[in-house]
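Work the whole structure out from these sequences, hints included.
Chain by chain, the residues:
2 protein chains.
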Amino acid sequence: MIIGKMGKGKVKEREDRNLLKRVAKKVNISEGERGVEDILRVIYRNQPISTKRIAQLCKLPLPIVAKVRTILERERILKRENGAVLTEKGLEFVENVLKFKFKGSLRCPLCEGRGIVLNEFFKEILEKVKPWFRKRPEVNTLLDQSYATPETSVYRAALMCERGDLEGKRIIFIGDDDLTSLPVALTQFPEEVYVVDIDERLLNLIKSFSEKEGVKIRIVKHDLRKEMPEELKNNFDVFSTDPPYTIDGLKLFLSRGVECLGEEGVAYLSYSHKPIDEWLKVQEEITKMNFVISELIPNFNYYEGSEIIGNTTFIARLIGKRLKVNIGDTEKIYTGLVKPTVRYYKCLKCGKIHKLLNERIESLRCECGSKKFRMIKREKLS
Amino acid sequence: MIIGKMGKGKVKEREDRNLLKRVAKKVNISEGERGVEDILRVIYRNQPISTKRIAQLCKLPLPIVAKVRTILERERILKRENGAVLTEKGLEFVENVLKFKFKGSLRCPLCEGRGIVLNEFFKEILEKVKPWFRKRPEVNTLLDQSYATPETSVYRAALMCERGDLEGKRIIFIGDDDLTSLPVALTQFPEEVYVVDIDERLLNLIKSFSEKEGVKIRIVKHDLRKEMPEELKNNFDVFSTDPPYTIDGLKLFLSRGVECLGEEGVAYLSYSHKPIDEWLKVQEEITKMNFVISELIPNFNYYEGSEIIGNTTFIARLIGKRLKVNIGDTEKIYTGLVKPTVRYYKCLKCGKIHKLLNERIESLRCECGSKKFRMIKREKLS
Chain W
1 MIIGKMGKGK VKEREDRNLL KRVAKKVNIS EGERGVEDIL RVIYRNQPIS TKRIAQLCKL
61 PLPIVAKVRT ILERERILKR ENGAVLTEKG LEFVENVLKF KFKGSLRCPL CEGRGIVLNE
121 FFKEILEKVK PWFRKRPEVN TLLDQSYATP ETSVYRAALM CERGDLEGKR IIFIGDDDLT
181 SLPVALTQFP EEVYVVDIDE RLLNLIKSFS EKEGVKIRIV KHDLRKEMPE ELKNNFDVFS
241 TDPPYTIDGL KLFLSRGVEC LGEEGVAYLS YSHKPIDEWL KVQEEITKMN FVISELIPNF
301 NYYEGSEIIG NTTFIARLIG KRLKVNIGDT EKIYTGLVKP TVRYYKCLKC GKIHKLLNER
361 IESLRCECGS KKFRMIKREK LS
Chain C
383 MIIGKMGKGK VKEREDRNLL KRVAKKVNIS EGERGVEDIL RVIYRNQPIS TKRIAQLCKL
443 PLPIVAKVRT ILERERILKR ENGAVLTEKG LEFVENVLKF KFKGSLRCPL CEGRGIVLNE
503 FFKEILEKVK PWFRKRPEVN TLLDQSYATP ETSVYRAALM CERGDLEGKR IIFIGDDDLT
563 SLPVALTQFP EEVYVVDIDE RLLNLIKSFS EKEGVKIRIV KHDLRKEMPE ELKNNFDVFS
623 TDPPYTIDGL KLFLSRGVEC LGEEGVAYLS YSHKPIDEWL KVQEEITKMN FVISELIPNF
683 NYYEGSEIIG NTTFIARLIG KRLKVNIGDT EKIYTGLVKP TVRYYKCLKC GKIHKLLNER
743 IESLRCECGS KKFRMIKREK LS
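Chains W and C, in that order, give the protein sequences.
Sequential numbering from 1 applies to the first sequence in my numbering.
Sequential numbering from 383 applies to the second sequence in my numbering.
Just to be clear, a hint being listed does not mean it is correct.
Examples of chain C residues toward chain W, derived with CB under 7 Å [what the hints assert, rightly or not]:
1) Arg423
2) Phe484
3) Gly486
4) Gly497
5) Ile498
6) Asn501
7) Cys750
Lysine to aspartate or glutamate pairs mimicking EDC-like chemistry, simulated, CA-CA at most 20 Å apart [stated by the list, open to error]:
8) Lys321/W to Glu666/C
9) Lys281/W to Glu31/W
10) Lys103/W to Glu573/C
11) Lys703/C to Glu33/W
12) Lys703/C to Glu285/W
13) Lys103/W to Glu506/C
14) Lys706/C to Glu284/W
15) Lys706/C to Asp277/W
16) Lys103/W to Glu88/W
17) Lys130/W to Glu151/W
18) Lys288/W to Glu666/C
19) Lys481/C to Glu191/W
20) Lys101/W to Glu573/C
21) Lys25/W to Glu645/C
Since the hints were derived computationally from the structure, they do not count as laboratory data.
Model, not experiment: these values are computed from the prediction.
By construction, the Cβ of each residue, glycine as well, lies at the ideal position given by its N, Cα and C atoms.
The structure is reproduced here in structure tokens:
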């Protein structure tokens, strides 16, 4: 028995929404119409707003947002006024067709949606680690390094503390270019803090931190493509990782973590907000290893630079029982190897064009002496 | 190359922690030692604390927490002083063996860990729905009904709003004993709000609400064990459900929701914090349907009564693409049918013992006229 009549058919297929479909198709955005709608909603609620901030709030890659923005400007839906702003036509479209009405934000202003806050103790830790974060070596993008902000790393430590995963625990970091081991060690709560990384520059920085600050962090130089050293296996309660954002990278780093935990334990996984198809694959692989996602907080982590991922990733607390290693292709773990990309950069001083293939822009120097460039083109090699 | 020597072996297997293992075994707690450790940590951080609050914070069933508490009292680890409190021996154990040190709480005091807050608009909605929540009929525990607090339902509506799942959307509630449709409809943001439920008493309450408050909620009486009516199929953008906390209940309710979404859409799932083995199964089934868990917030929902689940459940926002229906046994969807339990209640007036099998304590009346009982025993039938 149905009381009342049905409406005019589901919203998502209405003809007046064709603009969304058209734009989604042009940009080839994996999130489809919903992705374009999300961008418009974020602009409606926050205008004027920068492309970078749209990307963060929508959890979309910056180049995708930039493309959508350009097309919507051409369609006279958006204009530029200290950021993206809806035109009169745009406002008419989002309010009458998409039915947008809500302009505020309900995100908690105190914790910014993270659900936890820093008390005095953790605020002091933040101040203590900040100068060390500034000493980090240049990122090596070939290793998919990208540096989390000091706030992010301290919030991670606070989350681990709140969930009971620091006190009395043996903790290992499977890669630690984010230096999360620093605030974790400063709490003095864990039994042991280990860091495994391939980058000696980072390990040396961590070593000199632990000496200067009088905290114990044990460092291990190791290429994670190889099995864990025997002494580290089955020897930890908790691990934390922010792996390369490829399926094989994720599987490899989680599996090395599982080797360290043994049968059971807790994992903190920081990972990029992926398009549904890819994230579904990730969920499958995590499930195969016998990890449950006990908690998943979007936009928990922020990074310096790394615009491709919109500067923000989620954190998930995984709990494992009867854990299984699940390793795929150990060679193609870095994004540059999975999707080789040629990037063209123009020198901002002399105008010379430089072509980069799996090389780091950070180490590029023009013959004219300049270090400033603008990317003018990207091409994916198949 | 390992710098520094390894510690004395992993914490979780140390002999001095045997107490945890012993208690976990006695209570047969699926979370094992970690469960007992969680209970002790929550007491250490919040003493004196009630059994109910321990259950909420640990996300464990109340009867389990009560049993652990009793055994730990016998072991002279805990005592009673306006709630659970650690004895001197207990303090010594948790500080020297488990190494507890942190006494505060980092949970955001403003949003209580939910990540979102109510603005004036939603606070007004809360006040408006409160009297309607008081009019709810007696829960029918045979249908696994348990009533969320009005705050919980309004927070759900706020979360849906913040994530962009209200404005202009067609929304359906797959069961709505929590009356979440009320605050959702009061926003006036959605295109359509539908409620499907088997309980006519609830549907009538929703109907009179929508008439009195002048908002449109369409109600459909339907037994979810049967396929969705054709008119509802492939006709919605978003659904919300708080299904029976059994695997088959979850699969059935989600599948009916999927019938309503068609190929793709968003789902809000409220579900009990399950032991790892069971939650792993849930994660597998969700993944099979092609839903990704884009967000999972523990302790988001609170209920009136329903102590078995510790009064609190999580909410997850699922995004689906190429969705698949995934229905198991449609008969054994309610917990009482999966694990038939005999409960014995003692009348608090005359002392008579009543035996209940799949009957509701809410409708029990003693021959002496009293309606007050204390449960004295539970037995699971195999």
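Hint-by-hint comparison with the structure:
1. Given hint, Arg423/C at the interface with chain W, holds; its Cβ is 5 Å from that chain's nearest Cβ, closer than 7 Å.
2. The restraint placing Phe484/C at the interface with chain W holds, with a minimum CB-CB distance near 6 Å, inside the 7 Å limit.
3. Using the Cβ-Cβ criterion of 7 Å, the hint placing Gly486/C at the interface with chain W is satisfied: the shortest such distance is roughly 6 Å.
4. Interface hint at Gly497/C: satisfied, since its Cβ lies 4 Å from the closest Cβ of chain W, which is below the 7 Å cut-off.
5. A cut of 7 Å between beta carbons decides the hint on Ile498/C: the least distance to chain W is about 5 Å, and the hint holds.
6. A cut of 7 Å between beta carbons decides the hint on Asn501/C: the least distance to chain W is about 6 Å, and the hint holds.
7. Interface restraint check: Cys750/C against chain W, minimum CB-CB distance 42 Å, threshold 7 Å, status violated.
8. Between Lys321/W and Glu666/C the CA atoms are separated by roughly 15 Å; this keeps the pair inside 20 Å, and the hint holds.
9. Under the criterion of a C-alpha separation no larger than 20 Å, the hint pairing Lys281/W with Glu31/W is consistent with the structure, at around 15 Å.
10. A C-alpha spacing of about 18 Å is found between Lys103/W and Glu573/C, which places the hinted pair at or below 20 Å, so the restraint holds.
11. Of the pairs offered as hints, the one joining Lys703/C and Glu33/W holds, with about 12 Å between alpha carbons and a cut-off of 20 Å not exceeded.
12. A distance of roughly 18 Å separates the Cα atoms of Lys703/C and Glu285/W; the hinted pair therefore holds under the 20 Å criterion.
13. This hinted pair checks out: Lys103/W and Glu506/C have alpha carbons roughly 17 Å apart, not beyond 20 Å.
14. For the proposed pair Lys706/C and Glu284/W, the alpha carbon gap of about 15 Å is at most 20 Å, so the pair holds.
15. Pair hint Lys706/C plus Asp277/W holds up; C-alpha atoms about 14 Å apart against a cutoff of 20 Å.
16. Between the alpha carbons of Lys103/W and Glu88/W the distance comes to roughly 16 Å, so the proposed pair stays at or under 20 Å and holds.
17. Proposed proximity of Lys130/W and Glu151/W is supported: the alpha carbons are some 9 Å apart, at most 20 Å.
18. Between Lys288/W and Glu666/C the alpha-carbon distance is near 9 Å, which keeps this suggested pair within the 20 Å criterion.
19. Between Lys481/C and Glu191/W, the direct Cα distance comes to roughly 8 Å. Compliance with the 20 Å bound is thereby established for this hinted pair.
20. Among the hinted pairs, Lys101/W with Glu573/C is consistent with the structure: their alpha-carbon atoms are about 12 Å apart, no more than 20 Å.
21. Between Lys25/W and Glu645/C, the direct Cα distance comes to roughly 18 Å. Compliance with the 20 Å bound is thereby established for this hinted pair.
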